[in-house]
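Novice: Next come the chains, spelled out residue by residue.
Protein chains: 2
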Amino acid sequence: MRKEKIVIALGGNALQTAGLPPTAECQLEVVKKTCEYISKIVENDYEIALVHGNGPQVGRILLAFETARDVTPPMPFDVCGAMSQGYIGYHLQQGMHQALLKTNNAMPVVTVVTQVVVDRNDSGFKNPTKPIGPFYSEEEAKKISSEKNYVMKEDAGRGWRRVVASPIPKRIVEIDTIKSLWNSAIVVSAGGGGIPVIELEDGTYEGIEAVIDKDYAAELLAEQIGADKLLILTEVEKVSLNFNKPDQIDLDKLTAEEAEHYIAENHFAAGSMLPKIQAAVKFAKSGEGKTAIITSLYKAMDALMGKTGTQITA
Amino acid sequence: MRKEKIVIALGGNALQTAGLPPTAECQLEVVKKTCEYISKIVENDYEIALVHGNGPQVGRILLAFETARDVTPPMPFDVCGAMSQGYIGYHLQQGMHQALLKTNNAMPVVTVVTQVVVDRNDSGFKNPTKPIGPFYSEEEAKKISSEKNYVMKEDAGRGWRRVVASPIPKRIVEIDTIKSLWNSAIVVSAGGGGIPVIELEDGTYEGIEAVIDKDYAAELLAEQIGADKLLILTEVEKVSLNFNKPDQIDLDKLTAEEAEHYIAENHFAAGSMLPKIQAAVKFAKSGEGKTAIITSLYKAMDALMGKTGTQITA
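Chains A and B, in that order, are what the protein sequence lines are. Residue 1 is where the first sequence starts when you use the numbering used here, and the numbers rise one by one after that. Residue 1 is where the second sequence starts when you use the numbering used here, and the numbers rise one by one after that.
Since the hints were made in silico from the structure, they are not lab data. Keep in mind that a hint or two might mislead.
[Stated by the list, open to error] Straight-line distance between alpha carbons at most 27 Å, and here's what the computed DSSO-like set of lysine-lysine pairs gives:
#1 A:K126 / A:K179
#2 B:K40 / A:K5
#3 A:K179 / A:K5
#4 A:K3 / B:K170
#5 A:K102 / B:K179
#6 B:K285 / A:K179
#7 A:K32 / B:K32
#8 A:K179 / B:K5
#9 B:K3 / A:K179
#10 A:K142 / A:K170
#11 B:K170 / B:K33
#12 B:K179 / B:K238
#13 B:K3 / B:K40
#14 A:K32 / A:K285
#15 B:K179 / A:K179
#16 A:K170 / B:K32
#17 A:K102 / B:K170
#18 A:K170 / B:K102
#19 A:K102 / A:K32
#20 A:K170 / A:K5
#21 A:K238 / A:K40
#22 A:K126 / A:K153
#23 B:K33 / B:K307
#24 B:K285 / B:K102
[To be verified] Non-contacting residues of chain A with respect to chain B, defined by C-beta distances greater than 12 Å in every case (computed):
#25 E25
#26 Q57
#27 R60
#28 D78
#29 G89
#30 L181
#31 F243
#32 D252
[As the list claims (entries may be wrong)] Stretch by stretch, here's where chain A covers chain B in the computed footprint (C-beta under 8 Å, at least three residues):
#33 17-23
#34 288-298
Please read these numbers as outputs of a predicted model, since none were measured by experiment. Where is the CB? At the ideal position from N, CA and C, for every residue including glycine.
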């Protein structure tokens, strides 16, 4: 029987734990635990590819270079994104290898540094929405905003963060290579949504200051790879209406149409659940039998078996 | 006719120009020029793979995180190496794509984040030789050395730099993937010599504080990929005896035996020409008809045609 293909989008909590120091050492520990859950999916005979977020990491890389600007030049945004792909991809390679070894699986795990083409006229550049880097108090945020001309916004009750443009991904530059590796390796690609580039008239690429939403990038990858399922892992087991309110309603199944209805009613937070739902809807509508699932890392296997999570279909 | 396979090791001057600011923007310009020369090799019907150094880049990543340690945690050495692979690989992808387009070649260029296994008992850990990061005056170097417990050494008359262990690469973890991509893409791998890892008893990998020489890593890759030639690009057109002295003698052809003789006579600077010669000798001895060439980027095509450079054979 043909194995089902799944693109898995890993949220921030699959890489770092709130409350623990944001060190590489702590991240590696969290990644190793995450990979234990992911390897269960591989063990259950699914073929997978991984896409990860990079908000906190790319923010810290930027922050380090900006703080050190008197001794070494700051790095542009696209380069920081490329660095974060190397950093997180490397940890996922180690973590997945370790987890797979425990099930006697020697499948290679590789990271492909990935450029993703966006439209330079994307409306995202006029209205930055993507939070990156550390959280600040309102007072700190206002100071940074006036000093560095950054756009700072309050992020879902957790504090203030810098926000940058989050344009829609149009094309994965390295897609042919990712496809060709599918059968022989677990590929980590489009990390942090991919390094955002625009395509110039002569066909060359140029980096641009933006962060592509990793859920959108995972969706694009899932479509292009012909995946059966798009599995978006986040902090909650199910998508909810009236999230964190007394009348919260968890959703088991959603049609694309229902999801679009709830989006129109503003049920989902921009930069948080909204892009996940939008990516899920796009994937569900992309072809017959396509299913997007939004759930937590810990419930991923149960959700694939239809026992939990929010399942979005056409 | 079968195309000749070449692994090309790019030295520091293929990525950055001494005297220009060490910014990402300047690097990209230099990389684009470098790629024009490399694409000439592709145009002349060679199949290539690229390995690059990362000394200045990994040093600056480390430096930025150390300088910013009060606002964000410093990153360990292996992670900085992984970041530098993302950074430089991304630039090479853009640069090679642009250069190849001019010759109507749409070959994909991909970067594989690469771990390279070293022996934890390697003698390199007792005697650090690999220079990384920016140059300092003797006075600055001594201050840094006493403050941070770094080993600082004078680097070939150009100033003082931090040196770290440079163990011998034993195995490229992602070799199967790199091999499988050879026919369909130009692969950038083992950047900066690869992320140094040790293999634990249970078969898992763990990062270690070291920089693997990129010429050794390129040699290992060339052997494992079955390359016909190892092309080591550096600042000089030919290897010399009595370098920079009145009685300098440039070398056109060298047997492995002659090269070993000159090594024993201490003709080549550790951390500079010595590892190139050693890598070249190892490759020349690895099989029948194997040739290593040491030359400059600008003379690369001429050297492949046998017109210049130093050719090392068994």
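Novice: Now, for every hint given, state plainly whether the structure supports it.
Specialist: So, going through the hints one by one against the coordinates:
1. A:K126 / A:K179: violated (33 Å)
2. B:K40 / A:K5: Since the Cα atoms of B:K40 and A:K5 sit roughly 40 Å apart, the hinted pair is violated (cutoff 27 Å).
3. A:K179 / A:K5: Since the Cα atoms of A:K179 and A:K5 sit roughly 12 Å apart, the hinted pair holds (cutoff 27 Å).
4. A:K3 / B:K170: violated (35 Å)
5. A:K102 / B:K179: Holds, at roughly 26 Å.
6. B:K285 / A:K179: violated (37 Å)
7. A:K32 / B:K32: Distance ~38 Å between A:K32 and B:K32 Cα, so the pair is violated.
8. A:K179 / B:K5: Holds, because 24 Å separates the two Cα atoms, which is no more than 27 Å.
9. B:K3 / A:K179: With Cα atoms ~25 Å apart, B:K3 and A:K179 stay inside 27 Å; holds.
10. A:K142 / A:K170: Violated - the C-alpha atoms of A:K170 and A:K142 are around 34 Å apart, more than 27 Å.
11. B:K170 / B:K33: violated (33 Å)
12. B:K179 / B:K238: Measuring from Cα to Cα gives roughly 30 Å; hence the hint is violated.
13. B:K3 / B:K40: Holds: B:K3 and B:K40 sit about 15 Å apart, inside 27 Å.
14. A:K32 / A:K285: violated (34 Å)
15. B:K179 / A:K179: Roughly 15 Å between the alpha carbons, so the hint for B:K179 and A:K179 holds.
16. A:K170 / B:K32: holds (25 Å)
17. A:K102 / B:K170: holds (24 Å)
18. A:K170 / B:K102: holds (24 Å)
19. A:K102 / A:K32: holds (12 Å)
20. A:K170 / A:K5: holds (22 Å)
21. A:K238 / A:K40: Holds: A:K238 and A:K40 sit about 20 Å apart, inside 27 Å.
22. A:K126 / A:K153: At roughly 15 Å apart (the allowed maximum being 27 Å), A:K153 and A:K126 satisfy the hint.
23. B:K33 / B:K307: holds (22 Å)
24. B:K285 / B:K102: Judged against 27 Å, a Cα distance of about 37 Å means the pair is violated.
25. E25: violated (7 Å)
26. Q57: violated (10 Å)
27. R60: Per Cβ check, A:R60 is inside 12 Å of chain B; nearest 5 Å; violated.
28. D78: Non-interface label fails for A:D78: nearest chain B Cβ at 7 Å, not farther than 12 Å.
29. G89: violated (5 Å)
30. L181: The assertion about A:L181 is violated, with a minimum of 6 Å to chain B.
31. F243: Non-interface label stands for A:F243: nearest chain B Cβ at 30 Å, farther than 12 Å.
32. D252: A:D252 is indeed farther than 12 Å from all Cβ atoms of chain B, at 38 Å.
33. 17-23: Satisfied; 3 residues make the cut.
34. 288-298: violated (count 0)
Taken one by one, the earlier hints fail for this structure at numbers 1, 2, 4, 6, 7, 10, 11, 12, 14, 24, 25, 26, 27, 28, 29, 30 and 34, listed in ascending order.
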